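Novice: Turn these sequences into a full structure, and let the hints guide you.
There are 2 protein chains.
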Amino acid sequence: MLDRFNCSPRRLASRALPKLPILRWARGYSAAAAAGDLVAGATVAMTLIPQSIAYASLAGLEPQYGLYASLVGGFVYAYLGTCPQINIGPSALISLLTFTYTNGTNADYAVLLCFVSGIAEVVAGIAQLGFLVQLVSLPVVSGFTSAAALTIASSQVKGLLGLSFKSESFIDTWRGVVTHVKEVRLADTGLSLLCCLVLFGMKSLKDQRAPKSLKKVLWFSSVARNAVVVILAATLAYFLHEDTTHPLILTGEITSGLPSPRLPFLSSGNGTSTAPVGAMLRHLGSGLLVVPLVSIISNVAIAKAFSNGKTLDATQEIIALGVCNVVGSFFSSFPINGSFTRSALSDASGVRTPAAGFYTGLLVLLTLLFLTPLFYYIPRAAFASVITCAVLHMVDVDIVRKLWRANKVDVIPLAATFSLCLSLGVEVGLLCGVAVDALLLLLYHTAPPLQLQFVHDGVLPPHHAIYPVGGLHYAGAEKIRSKLMKLQDSQAEFNQSKAEKSSRNVVKSNDTESSVVTVKVPEINNILVVYCSRLYRVDYTVLQSLKMIVQEWRGTIVWYCASAALRHQLDCSMEGLRYCDSQEELQRTLGEMSPSVPLPHDTTAVTGETRL
Amino acid sequence: MLDRFNCSPRRLASRALPKLPILRWARGYSAAAAAGDLVAGATVAMTLIPQSIAYASLAGLEPQYGLYASLVGGFVYAYLGTCPQINIGPSALISLLTFTYTNGTNADYAVLLCFVSGIAEVVAGIAQLGFLVQLVSLPVVSGFTSAAALTIASSQVKGLLGLSFKSESFIDTWRGVVTHVKEVRLADTGLSLLCCLVLFGMKSLKDQRAPKSLKKVLWFSSVARNAVVVILAATLAYFLHEDTTHPLILTGEITSGLPSPRLPFLSSGNGTSTAPVGAMLRHLGSGLLVVPLVSIISNVAIAKAFSNGKTLDATQEIIALGVCNVVGSFFSSFPINGSFTRSALSDASGVRTPAAGFYTGLLVLLTLLFLTPLFYYIPRAAFASVITCAVLHMVDVDIVRKLWRANKVDVIPLAATFSLCLSLGVEVGLLCGVAVDALLLLLYHTAPPLQLQFVHDGVLPPHHAIYPVGGLHYAGAEKIRSKLMKLQDSQAEFNQSKAEKSSRNVVKSNDTESSVVTVKVPEINNILVVYCSRLYRVDYTVLQSLKMIVQEWRGTIVWYCASAALRHQLDCSMEGLRYCDSQEELQRTLGEMSPSVPLPHDTTAVTGETRL
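Protein chains in written order, with the UniProt record's numbering: chain A, 1 to 612; chain B, 1 to 612.
Think of the hints as simulated: they come from the structure by calculation, not from any bench. Each statement offered as a hint is correct.
Copies of one chain are not kept apart here, so a pair can be met inside one copy or by any two copies together.
Straight line, CA to CA, 35 Å or less: simulated DSBU-like cross-link-like pairs of lysine-lysine: (1) Lys304 / Lys212; (2) Lys547 / Lys402; (3) Lys402 / Lys486; (4) Lys486 / Lys19; (5) Lys486 / Lys408; (6) Lys483 / Lys408; (7) Lys216 / Lys304; (8) Lys203 / Lys547; (9) Lys215 / Lys402; (10) Lys547 / Lys479; (11) Lys304 / Lys19; (12) Lys304 / Lys479; (13) Lys547 / Lys206; (14) Lys479 / Lys408; (15) Lys479 / Lys402; (16) Lys304 / Lys547; (17) Lys547 / Lys212; (18) Lys215 / Lys547; (19) Lys304 / Lys486.
None of these values were measured; they are calculated from a predicted model.
Specialist: Have a look at this one:
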C-alpha cells in the first residue's frame, strides 16, 4: 500500500508539472467542431446565467456574484480540462456549502473560501489524493445527493412563498415556514406555482413523440426553459410593477460591469469593521477541507459519467478544477465546480471539445457588460422555481429498490447518510456515511470467507483443510481461532462416538478434480493443512491468533503454498513451522505424519473398497 | 452478516436466561481445590487491598471507596464467572476513566456510573454485542494500554513528589509539575524513591536463581511486595509523625465499617446542593458508553489470555462483569473490572475455581470491619509508588519491533492510537485508533487482490482471465474497472504491434497443473472469463463498476462458476450475461466464440509446436 507514496523525484516532477490538454486537440480543431462547441456553449450559457444568479442567492450573496463565478471557469477549463462536457461554474451543492460556512459574513469570505479551496484542490491533485474519492461508495453518494437536493429545495421554499426569515438547516427551514405561515404572499406563491408548472411542462417537451423536424424545436424549447421562464416572469413583473405597490419581490439592482481583479487573500474591509485574513480563515474552519473534498468528489463523478469508457485522468481533472477556483477567486468568484445538469446539456447539444467553455464564458461576459439592468425586474419567485425544479430530480428514490434487490446491506449506509445529512447538515452527514460504510466493512471482516473441510479423497492422506481467501484482517482473528478450536473439539467427540459405535459409514468424496472414489470415512485425525495460495494479506492481530492456534492445536499444522512474504510474517511470530510447496511434498509430509495409513498410491489398501 | 440478528425466540430465550457456571464445579468441589483457592484468594487480597485504596485516589474518591469497590466483585463472580483466575475489582484504567467522567463531582456520580455501566454490560452480553470487541485490533489495544499506563503513571507524579494541584490530562499534569517544581517536598520524594526501589527489587526476587526451598519464600516475598511496602512505609510514618509537624503526607482518616446498601440511582444530595439523576446522567455523558466498552474489551482480553485454549464463553463473561457492577453499585462501588496483574497473580498462586473470589471478598470484608484505623498512617507517596510500579510494565515498547518485522503497516494504528490517547485523552484516542484502523482497511481494499492473466495453456481456447478473490468492496470498484480498461487498451496496442512485426515469440506456460507445453503466443483476443469461484461478496458500488465494464468491454465476458447469490446480484444489475458452470461448458462456449481457433483437443494444430 505504501508504494503509492514511493516515487522517484523525476516521476514526481513529471506529475507536478502542469499539463495543457488543449495542446492535444487545438491543432486539429476543425470548423465542424467549432460549430458544435458554439451551439453547446450558447445553450449552456442560457441555463448558466439564470441559474448562477439563483445560486448566488442560495450562497447568500448578491446576484452579480453568480455571474462573476460563471465568468472564469469556462475559459480556464478550456485550457486544462480533458472532458468536453464539463462546465465549471456555480453549482447548487457547493453554493449551499458556501452559505453554510460564510453565513453572516460578507462576500470576501466566499471569495477567500474559493481561493483556498482551489489551492487545496491543486495540492490534492498533485499529491494524487484523488484516490480518496474511492472511499465514498455509491449508496453514500446517493444518500448525500438526495439529502442535499432536499435541503436546497427546502431553502427555496422561502423564495417560493415570498417569506423572509433566517434559517440554516433543513429542519430550521421547515420550522420557520410553519411559524411564518401567515406571512405567505399570495402573488409570489401564485407566480412560483406557475413557473414550476411551466418548467416541468417544458422539460417534458423533449420526451414527446413528434415528427423529426418538430423534435428539434421541442428539444430546444425544453433546453431553454430556464431562460424562457425567467424572461416571461420578468416581463410580467415589469407590467405589474408600480412605483408605490410591489406585488412581487424583485431581484432589484444588480451591479453591472466586470468584477475588478483583486487579491482574494486580503483582509476584509466591510464598512464599519475589518477582519484580518487569519480571523477569516478561522471562521471558515472545516469548510476549507469540506468544500474542496465535496467539489472533487462530485467533479470526478461527473467526469467519470461522461468518460465513455476512456480511462479518466482524475489527477488532471482535479488540478483543472483547482486552477479554475484559484483564478476565479481573483475575479470575486465564490467556490465553483462542475454541474451535472449543465454537463448533460452540453453533451446533448453536441459538444466536441472543451472549447465550448470559451463561448459560454464570452456570453457571460457580454451579459455582465450589457444585460444586467434588465435583471432588475426578475421576481425572486422565478429564481426559486428554477433552483427547485433543477434539484428535485436529484432526489433518487429508485435506488432504494435497486439496492434492496442487489445487496440489501447497502441500504444501511444510504439510509444513514440520508438521515444524518438532513438532521446534522450535509457535510457532517457525508463524513458519518463514510464511517458507517467503513464500520460495515469491518463487520463483514469479522466473518471472513473461510472454507473448512475434512479431506479424505484417496489422493492425499486424510486431513483437515482450511482455505483462507483474500485478506485476513484483525476483525476476523477471533472467528478464525474459534472456528478451528470448535473443529478440534467436535473431532475429539466424533472419534469417541465412533470408537463406541464402531460402525462403518460410506460417503462419497465431493472433490471434482480427482476421480471420484468411495472411501470409508477414516478416523478423523488432527492434521491441519492451511492452503495459503489464495491468502494475500495477514495483519499482526491475525498472526497472533494463528500463533495461538499453533500453540493450542493438538496435532500438526502444515502450511501449503505460503508465499515468501507470508512465510516471513509467519516466521517472525512463530517457530518451527512446517511448509510444503508442492503436491508431492505435501503427500510425503502427510504420509510421514500418519504412518498407520499406507501411502496414497495404493488407495485400495487404505479403503478396502474398489474404485467406482 | 445479518444472520447474527436472525434468531428464533427460543434461541433468544436460552441466551437471555442467566446461567450459573457455579453449578458446574460446585458439586465436585474438593478439599484440594479449596486449599488452592484459599491460598490464591488470600494472595490476591494482599495485592488488592493496598491497590484498591490507591485506585480510589486515582479515581478522585476517598480511600474507603476502593475497599467498597473490592468487596462485591469476588462474591458475585464466584457465582457467574467461568474463568478461575479473574478477580473483579478496581483497576487502574477504569479508575482513570472514572476520574475523567466524574471529576469535580462527588462519589454518587461514580456509583451511578458503576450502575449504568453494569446495566450496559448486561445488555451488551445478552444482545451478543461482545463481537464488537473484535473491531479493536491488537496494535490499537497496545497503543491504548501503553498510553493509559503513561497517563496513570504521570498522574501519580504529584503523589510521588508530594505536590498537589488540579490536572486532568497527560499534558496538563506535566505542565503542572514544571510550574510547581519549587513546591516539591523532599521527604515524600525520598520515600517514593525508596518505595519504588524496594518494589522493583522485590519484584525481581522471583526471577532469581535459588534452591527450591528458598524459591518459594522468594516468590512469596515478591508477590507480597505491595503489602510489605505499604506496611513498612506506614510504620516509618508512624514513628516520624508528631502532632505538630507532618513530614509526610498521610492517607488520614478512613471511614471504617461496611458500606450501607443504598439505591445507586437516587438524586445526589451533597450537603449544599442536590442534583437530580437526569442531570447526573447528562454530566456522565459519553462515559456511559466508553466505560462499559473499555471494561468489556479488557475483561474479554484477560479471560482470553487465561482460557488456555478452551473456547471462551464471552457472552457469559460480559454478563458476569455487568452483574458485578450492578450489585457493586448498591454497595457504593465505583466501576470495576478484571485486572491483568491480579489475574496473573491468582494463576501463579494455584487457583482452581472461581471460589477464590469468596476468600478475597471475605478478607476485604474483615479489613473494612477491623483494619481501617491502621491505614491512617500510610503515606500517600507509598500508594503512588504502588500504582506507578504496577502500571509501568504495561508500557509495551517491544511491540514496535514485532510489528515492524511482522506487518509494517500495523505500526500506523499503534502510533496513531498512542499519540492521540496521550494528547486527546485515552477514551477519544481509542475511538480514533479504531477509525484509523478502519481507514487502513478501506485503503487496502482500494487495491483488492486481483489476478489478471492471459490464458493460453492449450487446454482452453486463449482468453483473458480474472480471478477476484474474497470480497470486492466499493473502495476497490474503480481499481477493477481501470485495470480491465488498461488491459483492453494494451491488448489493442499489442495486436497492432504484433501485426506490424509479425514475429513469433515462444513462451512457456506457467501453469503447473496441466502438462507444461510450449505454445506460440496467440493473437490476444478480447474474450474475458471472470473466474468467480472464490468471489464471496460484491457490493452495489462494485456491481455498478462491473456493469460499466460489461458495457465498455469490446468483446465477450463469460462468468465462470458464479454462485447462485452472485448470479442473482449480477442479474439484478445487468442483462444478457453468459454463465458457465463447468470446465466442459466453458470450453464449448469459448470454442464457439473464437471459431478461428480449433477446439483444444488437437492443440498441436493450434500451436504448430510439439509438446515437450
